[in-house]
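S.K.: Sequence:
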Amino acid sequence: MKIGVDVMGSDLGPKELLKSCLRFVNENDVQLVIYGNQEELDSIDHPRIIKIPTTYVLTMDDGPLAVKRHPNASMVKAITDCVAGENDAVVSAGSSGALLSCGVMISKMIPGIERPAFLAAIPNTIGTSTVLLDMGANSENSSDHLCQFAVLGHAFAQTTMNIEHPTIGLLNIGTEDKKGDLVHKDAVAKLRAMEKINFTGNIEGRDVLNGVVDVLVADGFSGNIALKTVEGTVLAFNQMIKEVIKTNRLTMIGGYLIKEELTKMKDKMNYQKYGGALLAGLNHVIIKAHGSSNEEAFYNAIRQAHKLVGGNVVDKIKRDLL
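Residue numbers are given in numbering that gives the first Met the number 0: position 190 of the sequence shown equals residue 189, and the series is strictly consecutive.
Check before you lean on any hint, since a few could be wrong.
Simulated crosslink set (BS3-like; lysine-lysine; CA at most 30 Å straight-line) [claimed, not checked]:
1. Lys227 - Lys306
2. Lys177 - Lys107
3. Lys50 - Lys67
4. Lys245 - Lys306
5. Lys50 - Lys14
6. Lys263 - Lys245
7. Lys317 - Lys107
8. Lys265 - Lys245
9. Lys18 - Lys50
10. Lys258 - Lys245
11. Lys306 - Lys1
Hints are computed from structural coordinates only; laboratory data are not their basis.
Predicted model only: the values in this text are computed from it and were never measured.
Start from the sequences, fold in the hints, and give me the full structure.
M.R.: Following this line, the structure appears as C-alpha cells:
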C-alpha cells in the first residue's frame, strides 16, 4: 500500500508532519509518498519513503483555477498521482478550501452525489463513535444534499463500523419535524420517505455527544460550528477540572486518586487521537487532517487513511449507495 502525504500548508510546518511520517513507516508495513519543498524533504530518509519535490503550496487564498494553474503544487500533485494509481490515498493538513477544489476537480464525485462532505467518527459518551457529516465542506446545502449525506453516512457506518442498520439523525434546532428552516423541514420529509435508511428524526445540539444516533447529518455550516464548539468545550472543561483540583489539599489529593481516569477521559475526547476527516463523496480516499495537527494528530490521520484503504471503504460506499 502507498499513501500520498502532502506535508505543506499546516500551521506547525512540514518538520512536525515529517516526524509523523517517519514514525508511521517505522511502525507499519507501508510506503509513504511525500510531497513538498525539496529543502524540507531532504531532512528525512527511509527506504519506504518516496520523496516527490513540488514547487507551490495552495492556500485558502487560491481559488479553484489555481488547481489548473499550479499542477506542481504539493496537494495537486498528490491527488493527481492518486487518481493515476500511484498512491492509494492522500493525507493533507493544508487548506480545506484548496483540498475541496482539488478533490472535486481531480478525483471527481461519486455518481449520484452532488457535493462532498467532511466526515469523521467522533467519540460519544456511551463509549462508541458517532459519524458526523458535513463538518464544513459546504457553507450552504439543499435538502437533497442532506439526503445524500445521509446515504454516505449510512454506507460509511455499515462498512467501517459494522452496523447493519445504522440510525440516522438530522442536526436541527428542535426535535419536532416542523422545526428549522425550509431546507431542514424539507429534508426531514424526504429522509422519512427513504425506506432503506433508518432515519429517527431531528437531533438537537445538546445531544451531539450523547450517542443517540449512529450517524448525525448536518449542513456544512451547522456541522462545523457543532464540531468546533465540542472541541472548545472539551478544552474549557479540562481547564476547569485542573483549576478545581488545585483549590486546596483535599481537592489535590482527590485529583491524584482519579488522575488515571481523568487522563482516560481526556484522551477519549482528544481530536488528536482521531486523525482527520474523510472527504466523503469522492472516488478516492482523501483525508483532511486538522490544520494545527501535531505529530500525534497527523500520525493518526495517516493511520486513518491506511485503515480506510485497507477496508476498501470507497468501493464499499459505491456498492452500498442506495
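S.K.: So, against the hints stated earlier in the document, which numbers end up violated here?
M.R.: 2 and 4
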